[in-house]
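Chains as they are written, first to last, in numbering that gives the first Met the number 0: chain A, 0 to 422; chain B, 0 to 422.
Some hints here could point you the wrong way.
Since the list can't tell identical chains apart, any single copy or any two copies may satisfy a pair.
[Said to hold, decoys possible] Straight line, CA to CA, 20 Å or less: simulated EDC-like cross-link-like pairs of lysine to aspartate or glutamate:
(1) Lys-321 <-> Asp-341
(2) Lys-142 <-> Asp-392
(3) Lys-19 <-> Glu-54
(4) Lys-188 <-> Asp-408
(5) Lys-143 <-> Asp-104
(6) Lys-188 <-> Asp-174
(7) Lys-142 <-> Glu-90
(8) Lys-143 <-> Glu-126
(9) Lys-143 <-> Asp-294
If you are wondering where the hints come from, they were derived from the structure by calculation, not from laboratory data. All figures in this text were calculated on a predicted structure; none of them were measured in a lab.
There are 2 protein chains.
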Amino acid sequence: MGLVVQKYGGSSVADAEGIKRVAKRIVDAKKNGHQVVVVVSAMGDTTDELIDLAEQVSPIPAGREFDMLLTAGERISMALLAMAIKNLGHEAQSFTGSQAGVITDSVHNKARIIDVTPGRIRTALDEGNIAIVAGFQGVSQDKKDITTLGRGGSDTTAVALAAALDAEVCEIYTDVDGVFTADPRVVKKARKIDWISFEDMLELASSGSKVLLHRCVEYARRYNIPIHVRSSFSGLQGTWVSNEPRGDLKVEQAIISGVAHDTSEAKITVVGVPDKPGEAAAIFRTIADNEINIDMVVQNVSAASTGLTDISFTLPKAEGRKAIDALEKQKGLIGFESLRYDDQIAKISLVGAGMKTNPGVTAGFFQALADAGVNIELISTSEIRISVVTRADEVNEAVRAVHTAFGLDSDSDEAVVYGGTGR
Amino acid sequence: MGLVVQKYGGSSVADAEGIKRVAKRIVDAKKNGHQVVVVVSAMGDTTDELIDLAEQVSPIPAGREFDMLLTAGERISMALLAMAIKNLGHEAQSFTGSQAGVITDSVHNKARIIDVTPGRIRTALDEGNIAIVAGFQGVSQDKKDITTLGRGGSDTTAVALAAALDAEVCEIYTDVDGVFTADPRVVKKARKIDWISFEDMLELASSGSKVLLHRCVEYARRYNIPIHVRSSFSGLQGTWVSNEPRGDLKVEQAIISGVAHDTSEAKITVVGVPDKPGEAAAIFRTIADNEINIDMVVQNVSAASTGLTDISFTLPKAEGRKAIDALEKQKGLIGFESLRYDDQIAKISLVGAGMKTNPGVTAGFFQALADAGVNIELISTSEIRISVVTRADEVNEAVRAVHTAFGLDSDSDEAVVYGGTGR
Numbered sequence: 000m001g002l003v004v005q006k007y008g009g010s011s012v013a014d015a016e017g018i019k020r021v022a023k024r025i026v027d028a029k030k031n032g033h034q035v036v037v038v039v040s041a042m043g044d045t046t047d048e049l050i051d052l053a054e055q056v057s058p059i060p061a062g063r064e065f066d067m068l069l070t071a072g073e074r075i076s077m078a079l080l081a082m083a084i085k086n087l088g089h090e091a092q093s094f095t096g097s098q099a100g101v102i103t104d105s106v107h108n109k110a111r112i113i114d115v116t117p118g119r120i121r122t123a124l125d126e127g128n129i130a131i132v133a134g135f136q137g138v139s140q141d142k143k144d145i146t147t148l149g150r151g152g153s154d155t156t157a158v159a160l161a162a163a164l165d166a167e168v169c170e171i172y173t174d175v176d177g178v179f180t181a182d183p184r185v186v187k188k189a190r191k192i193d194w195i196s197f198e199d200m201l202e203l204a205s206s207g208s209k210v211l212l213h214r215c216v217e218y219a220r221r222y223n224i225p226i227h228v229r230s231s232f233s234g235l236q237g238t239w240v241s242n243e244p245r246g247d248l249k250v251e252q253a254i255i256s257g258v259a260h261d262t263s264e265a266k267i268t269v270v271g272v273p274d275k276p277g278e279a280a281a282i283f284r285t286i287a288d289n290e291i292n293i294d295m296v297v298q299n300v301s302a303a304s305t306g307l308t309d310i311s312f313t314l315p316k317a318e319g320r321k322a323i324d325a326l327e328k329q330k331g332l333i334g335f336e337s338l339r340y341d342d343q344i345a346k347i348s349l350v351g352a353g354m355k356t357n358p359g360v361t362a363g364f365f366q367a368l369a370d371a372g373v374n375i376e377l378i379s380t381s382e383i384r385i386s387v388v389t390r391a392d393e394v395n396e397a398v399r400a401v402h403t404a405f406g407l408d409s410d411s412d413e414a415v416v417y418g419g420t421g422r
Numbered sequence: 000m001g002l003v004v005q006k007y008g009g010s011s012v013a014d015a016e017g018i019k020r021v022a023k024r025i026v027d028a029k030k031n032g033h034q035v036v037v038v039v040s041a042m043g044d045t046t047d048e049l050i051d052l053a054e055q056v057s058p059i060p061a062g063r064e065f066d067m068l069l070t071a072g073e074r075i076s077m078a079l080l081a082m083a084i085k086n087l088g089h090e091a092q093s094f095t096g097s098q099a100g101v102i103t104d105s106v107h108n109k110a111r112i113i114d115v116t117p118g119r120i121r122t123a124l125d126e127g128n129i130a131i132v133a134g135f136q137g138v139s140q141d142k143k144d145i146t147t148l149g150r151g152g153s154d155t156t157a158v159a160l161a162a163a164l165d166a167e168v169c170e171i172y173t174d175v176d177g178v179f180t181a182d183p184r185v186v187k188k189a190r191k192i193d194w195i196s197f198e199d200m201l202e203l204a205s206s207g208s209k210v211l212l213h214r215c216v217e218y219a220r221r222y223n224i225p226i227h228v229r230s231s232f233s234g235l236q237g238t239w240v241s242n243e244p245r246g247d248l249k250v251e252q253a254i255i256s257g258v259a260h261d262t263s264e265a266k267i268t269v270v271g272v273p274d275k276p277g278e279a280a281a282i283f284r285t286i287a288d289n290e291i292n293i294d295m296v297v298q299n300v301s302a303a304s305t306g307l308t309d310i311s312f313t314l315p316k317a318e319g320r321k322a323i324d325a326l327e328k329q330k331g332l333i334g335f336e337s338l339r340y341d342d343q344i345a346k347i348s349l350v351g352a353g354m355k356t357n358p359g360v361t362a363g364f365f366q367a368l369a370d371a372g373v374n375i376e377l378i379s380t381s382e383i384r385i386s387v388v389t390r391a392d393e394v395n396e397a398v399r400a401v402h403t404a405f406g407l408d409s410d411s412d413e414a415v416v417y418g419g420t421g422r
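Here chain A stands alone, though its shape is the one from the complex (with noise of 0.2 Å):
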């Protein structure tokens, strides 16, 4: 019986209910005989009422103040959460990110774990208590300010926490019951997935999966950490993601760990460029300045009579303004006809290891598309991913018939719950 370390996200703790609850998992943890650390997230909505706050006094508010206003939430949830613990006659203390030695940089409102040193914690620990630690925030490591980590923040000071406790596991308690093969809103057949690899859950995450950020993920991995994600209300076993499937878990490794869609993203289609070197790079220069993340690029085979090519890339919809004034601004520069914004579109990603040596995946991916009568606009791939866009208002159909095609529909009828996740 080692340490573990929980998570648990705003929605499971959003009132006193949710926060009695909670303690109430947490100390059967301890009963079990673990040393227990909890992350907490803030309440349901505190972060944003917060910001609604910070809005209405500054239109564009400071990083630091941003911050230290913020980091409000997870200390009002973390110290409930102490409180409710202390109520069921265990010993518990909260700590913030900065009593918790969560070092960052001083990128404020998404600072970045350059260190952990969890000496008060390992002390509380020795001494017998549960140690709630707030989730999203940190100190910087120069100028000993408050920071805040960004979204997903909780999950990631959960793992950065783990790993440098050596703990067994980090559990990251959410609403829904673990990583489905495909988004049970979408698809009602959709199974839960009792292992995941990191290389799987890190090609999910970042092709739409929404229960755990990539960036949690890639600290778990460099760490091997194993992540049990799992309900806070339900109490099942949930999903595992580790290195390897742990003994105790009847596992075959599957071809295909899911199918992950994402609606949050626009295509920008630059037209006439001229097909010479450099063109694609200063088209990519121009985006990178103004610190724009692309995802899927694809250049189209040059017309021979014209000289000219189109080059389509993807990026998030809240991006999207900014890209298009940033190459509309360098057009002479670059020199191309125009621009195209379209931000009707989807990207369905299918996933899993055992595509590597399965030939016949991608051709399986594709028949099952032109099966269901949905047309592919743009093509990606990985070692173990691949991914296509459609049009937006495809995405569902196109989703259950490739779940379907791989074989990954559940059995069962029953209804999932799911929800998004706290930060």
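Mind docking chain B on chain A? Use the hints.
This is chain B only, laid out in the frame that chain A set:
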């Protein structure tokens, strides 16, 4: 143009509008050439809402975690205030009590400041920033845990920082125009006091005036920091509390500073106490062992026939039950006949350094009460204060009568807005 510390209570920053109004006032002080340190309380009802949440998860919130919870309130208000100031084009940085160097003992929920090491505040000021500091909170010297200072804690934070930074003045902004000669809700003709000595203010504070707490005035007197109590709404000059009137204030030291009243106390009479050495000590040892603060004490002249006497004392109503229980338990040991508990009393106090040299003051006080038909039940005096206990339902009439008798009535009939102050 030196350094000023400004403190704003919860009612001054109750919403986004209030925060923006306060930000403007702060920026004005900066524009006038001052270095500005601002101490801020939690917004409006935030603290009460947090206490309510705590009670929902645990009937007896634990000290350390309760402090962690409550300090979220100032974190929110101070970050928002810094944002609002930046929005006006000035630089501001917010600091927690810990970051501001407010070092306390480890008594959670009512910690005492034992040192202030404002290195980061000084640096922020030197770099041209306005420094915003969370009131009411500090960090314990030994365990580095977050502590809170208890009721009136933000005022104490402000005075302590003013002392550590050698400020010119500590401005306490509140929702009233200053300190008045009596509670304006009771005495329509109460006058705002332009200047009052630390000593008189201390007596007023311990006699029921709620504008400044005793503890904060005591701190200011020890370090000789002038306090300026004023409204965050009106911008008028308020009340200066200091050793000597400022040169530019034409203030004649009045004989009487004001009339305070207090209806928060109860009276316990220990009936039939044997009139022999050690009896009173036994009673008050019992009270002290239960950490109950008593106020006035009176022992009747012993009746020669019985050798028994009665001892009465006043104490906060909230402590009444505990005191009665403690005394009852010791009844056999102490040896008294019975206990009488009376919570329908009021204390009326006349305060003024001038009364030391004016023997007629006591007589005038009693005469005014007699003329108003008010019966006196207990009397207690100090060098600069006379207090009496009367029936609670006579208090308003009594205060008005005394206020008029000592020539304190204002000529103006203007109504004064008066409310509670923040913590």
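Hint-by-hint comparison with the structure:
Taking CA atoms no more than 20 Å apart as the test, Lys-321 paired with Asp-341 passes inside one copy only; the shortest distance there is 14 Å, against 73 Å between copies. In this assembly of identical chains, the alpha carbons of Lys-142 and Asp-392 never lie at most 20 Å apart, being 48 Å within a copy and 58 Å across copies at closest. For the identical chains of this complex, Lys-19 and Glu-54 are inter-copy neighbours only, at 12 Å across copies versus 32 Å inside a copy, given an alpha-carbon limit of 20 Å. For the homomeric pair Lys-188 and Asp-408, the shortest alpha-carbon distance inside one copy (5 Å) is at most 20 Å, but the shortest distance between copies (82 Å) is not.
For the identical chains of this complex, Lys-143 and Asp-104 are intra-copy neighbours only, at 10 Å inside a copy versus 23 Å across copies, given an alpha-carbon limit of 20 Å. For a Cα distance limit of 20 Å, the shortest separation of Lys-188 from Asp-174 inside one copy, 18 Å, qualifies, whereas the shortest one across copies, 62 Å, does not. Taking CA atoms no more than 20 Å apart as the test, Lys-142 paired with Glu-90 passes between copies only; the shortest distance there is 17 Å, against 33 Å inside one copy. In this homomeric assembly, Lys-143 and Glu-126 come within 20 Å of each other (Cα to Cα) only across copies, at 16 Å, whereas the closest approach inside a single copy is 28 Å.
When the C-alpha separation of Lys-143 and Asp-294 is checked against a cutoff of 20 Å, the pair qualifies neither within a copy, at 35 Å, nor between copies, at 46 Å.
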